[in-house]
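Enquirer: Listed in order, the protein sequences are those of chains A and V.
Using the numbering used here, read the first sequence as starting at 3 and increasing by one per residue.
Using the numbering used here, read the second sequence as starting at 222 and increasing by one per residue.
Think of the hints as simulated: they come from the structure by calculation, not from any bench.
One or more hints might be untrue.
Said to hold, decoys possible - In silico DSSO-like pairs for lysine-lysine, Cα to Cα no more than 27 angstroms straight-line:
1. A:193 <-> A:30
2. V:361 <-> A:30
3. V:652 <-> V:509
4. A:30 <-> V:363
5. A:30 <-> V:356
6. A:193 <-> A:8
7. A:30 <-> A:6
8. A:193 <-> A:6
9. A:85 <-> A:193
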Amino acid sequence: MADKPKFAMYWAAACGGCDIALLGINEKILDFAEAFEPVFWPCVMDGKKSDIEGLADGALALTFFNGAIRTEEDEAMARLLRKKSAVFVAFGSCAVEGCMPGLSNLSSADDHLITVYLDNPSTTVTDPAVVPRLSTRVAEGELRLPGLYDTVRSVRQTVDIDYMIPGCPPEAHQLEAVMELFMGTSGLPEKGAVLGAGTRALCEECPRIRSWTGREQRRLRFRRLYEIIPDSTRCLIDQGIVCMGPATRGGCTALCPGANMPCIGCYGAPAGVADQGAAMLSALASITDAGSAGQPEEAMQREVEAAFEPIVDPVGTFYKFSLAHALLNRARPASPVTDEAADRKGKGRA
Amino acid sequence: MKKISIDPVTRLEGHGRIEIFLDDEGEVANAYFIVPELRGFEQFCIGRAAEDMPNITNRICGICPEAHHIASTKALDALYRVEPPPAARKIRELLYSAFFVADHTTHFYALGGPDLIVGPDAPPAERNLLGVLRKIGSEKGKEVIECRRRNHHVIQTIGGRAIHPCSGLPGGWSKPVTEEERREIETAAERNVAFALYSLDLFSRILQGDTAFRESVFSDTYLHRTYYMGTVDDEDRVNFYDGMLRIVDPDGREFARFHPRDYRQHIAEHVESWTYLKFPYLKKVGWKGFADGSESGVYCATPLSRLNAAEGMATPYAQEAFEYFFETFGSRKVDGRYRPVHNRLATHWARLIELLYAAERMLELSRDPEITDPHIRTIPREKPSEGVGSVEAPRGTLLHHYRTDERGVLTRVNLIVGTTHNHAPIALSIKKAAQTLIRKKSIIEEGLLNRIEMAFRLYDPCFACATHSLPGTMPLSVIIRDAQGTVLREMAQYLR
Chain A
3 MADKPKFAMY WAAACGGCDI ALLGINEKIL DFAEAFEPVF WPCVMDGKKS DIEGLADGAL
63 ALTFFNGAIR TEEDEAMARL LRKKSAVFVA FGSCAVEGCM PGLSNLSSAD DHLITVYLDN
123 PSTTVTDPAV VPRLSTRVAE GELRLPGLYD TVRSVRQTVD IDYMIPGCPP EAHQLEAVME
183 LFMGTSGLPE KGAVLGAGTR ALCEECPRIR SWTGREQRRL RFRRLYEIIP DSTRCLIDQG
243 IVCMGPATRG GCTALCPGAN MPCIGCYGAP AGVADQGAAM LSALASITDA GSAGQPEEAM
303 QREVEAAFEP IVDPVGTFYK FSLAHALLNR ARPASPVTDE AADRKGKGRA
Chain V
222 MKKISIDPVT RLEGHGRIEI FLDDEGEVAN AYFIVPELRG FEQFCIGRAA EDMPNITNRI
282 CGICPEAHHI ASTKALDALY RVEPPPAARK IRELLYSAFF VADHTTHFYA LGGPDLIVGP
342 DAPPAERNLL GVLRKIGSEK GKEVIECRRR NHHVIQTIGG RAIHPCSGLP GGWSKPVTEE
402 ERREIETAAE RNVAFALYSL DLFSRILQGD TAFRESVFSD TYLHRTYYMG TVDDEDRVNF
462 YDGMLRIVDP DGREFARFHP RDYRQHIAEH VESWTYLKFP YLKKVGWKGF ADGSESGVYC
522 ATPLSRLNAA EGMATPYAQE AFEYFFETFG SRKVDGRYRP VHNRLATHWA RLIELLYAAE
582 RMLELSRDPE ITDPHIRTIP REKPSEGVGS VEAPRGTLLH HYRTDERGVL TRVNLIVGTT
642 HNHAPIALSI KKAAQTLIRK KSIIEEGLLN RIEMAFRLYD PCFACATHSL PGTMPLSVII
702 RDAQGTVLRE MAQYLR
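Pulled out of the complex, with its shape left as it was, chain A reads as follows (with noise of 0.2 angstroms):
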């Protein structure tokens, strides 16, 4: 048993999918506990912080970390974690580039906690003393509450990582490779590699028929996705349904265009692309037609707009995955409410 080497997965702010996800490549996790001793695993075994903080540096074989940093424990556990592994590995999309609480970037701490407390339809309070705070006078004594982060960031943004892992959960089949390649002996690949999960554009392994190029631009028209009920052969762009496909890596088998969903872009952008919400506007611009040569601009500008204006939520459709990874990646925080919300700024800022 001492032999082996020691594994480690932990989930900051995450939902739980993640590790679900990891346990659904079934009686291959068996195999894997036999290869590697899970030593701390939130999800499925006891474990201490004091535990790992006993350990030498490196001296976790391997630690899966996911979730995205929205508190100060979520740092310091990635930092803890990070210096204590060998191979320190991003996994799943919030760790990777935020996922949805990277939304949580369009607002500050201050906006969640109005809306969540005082200006909310089953609260009946206007008081902001009873907005939750960091130290609360009880009569027996006192009780503290962790600040909030104003700002999501991933575990990338964070800590030095050796390899991540994408996807919203990262699928079983890419998992189990995954495991495979950690278990092998054959090397593992260069510092910085995106695992579990192929190079290209998901479009590469949708089976949808596609008849745009992206060198023929054409007139379409946008629809939202309750409007129409498309072909489930034919491309959903085609159809007029924005599809992350042009602008998403590929690894999972296109399964939401398979529901005849569209891709709502999980597994982050393609090798080489820094933006994914500006690599998808890109592909969309080529193949608007915005007129022919000699139309009044006017007339130009009102056809795009007509074009585009059923995309009523744009950070939210192109970034749903990886705002906090854009170049453009937080609205600016609203001023503190109260002295307390000040203090929580303080000390909850990045």
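Position chain V against the provided structure of chain A, taking the given hints into account.
Expert: Showing chain V alone in chain A's frame:
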């Protein structure tokens, strides 16, 4: 004053904390259960396109994404005032039934059940799924794993993906069920019914064979007289997918019966500044603090609550199990229905009756000729403004409430999830366990952990859902401090 912290901050990430204060006599003065995080879907969903919500809110929880996906899809039906075709409605409920089978199975065999099957006094290293498998034998053990696998496969077949399914749309579902798929699902459902019957039988044998457990189930330690809420069909039977919300008082009288869209007339949320998680209560009774009884607005929404709030089950085997359950507790029938069972450990049993119902319902739907009808979409024509969608999630009623501008861009999102309804009852159970185990400064350390753990686990709490932020595991450690705050002893345990 002496303070005992059950405090994960010193270990792990601090996802839950219990603070127990002792008075000068060494008795429990108060116990606080603190949830220290908020991820904030209600805020960052503002500005999103409404139709994206089923695929955003399923990311609230990787354990029960199906519940959020379906509640959200139903909220979109209401928002766009559109009725899905019968096949779409049935396909959604079919997926939902498979999900209930998988989720309740996980809780009984991997999370809550080890305390019962392996025993609360077994070493903690045995009280897990592996210990359960050793106890019930490898053949039955394989069936547990197989049950989860086949139902996740059904979820992927119907919903496109095994985790975070993607097929919900306002007015329908994106993908029909083929005849080949239907046959496969029917076979899975048949196995589920047999598996559920075995699980109930296993529970009965434990209840009969284990005196200590039987005493705990029937004892006062885990008893709270509260209001109960659950969704019922038009004959007041338990339903997970759709119906009216019914609330009964601690004596079993109907207190309220309403459409989920009217939830705000009946439910409000109390806020305390020392925890991020809110405390729902019955508006017409009022928030009277952490107390049970008919004078307190505290209510519960669990498998036990759903049985208490209903007249019966809509499938034959589950109905038999329902009657046997209430009769075992000596519950009398008043006005044709059983009086509530208040013994909280009975929640485990109620969960298995629900498992059986879900399996039977799945079988019915898989044999419904309409299930393979390719007509699964109604295109919305109305302008959106406001919609509420609700389902019974495994852990309690789940409400999604959206408001939008006329383009269907969200301006307001309110979510009340199963575990949140049960937040005040969970706090009550923690306090009672602490009071029972701490007397005149004598602290039964191991017992304290175990009792609190069992008091928690029966609710199957999911804090990923509750705070729309946390993972499903609740890591806790008990730290005993003296009056100066010096740590005297430390104990640790995970809770699920």
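Enquirer: If a hint holds in the structure, say so; if it doesn't, say that too.
Expert: We went through each hint and held it up to the structure:
1. A:193 <-> A:30: Holds: residue 193 (chain A) and residue 30 (chain A) sit about 25 angstroms apart, inside 27 angstroms.
2. V:361 <-> A:30: holds, 20 angstroms
3. V:652 <-> V:509: The given pair, whose Cα atoms are some 16 angstroms apart, holds under the 27 angstroms limit.
4. A:30 <-> V:363: holds, 14 angstroms
5. A:30 <-> V:356: holds, 23 angstroms
6. A:193 <-> A:8: With a Cα-Cα distance of about 20 angstroms, the restraint between residue 193 (chain A) and residue 8 (chain A) holds, given a limit of 27 angstroms.
7. A:30 <-> A:6: holds, 17 angstroms
8. A:193 <-> A:6: holds, 23 angstroms
9. A:85 <-> A:193: It holds: about 16 angstroms lies between the C-alpha atoms, which stays within 27 angstroms.
This entry satisfies every hint, going by the numbered hints stated previously.
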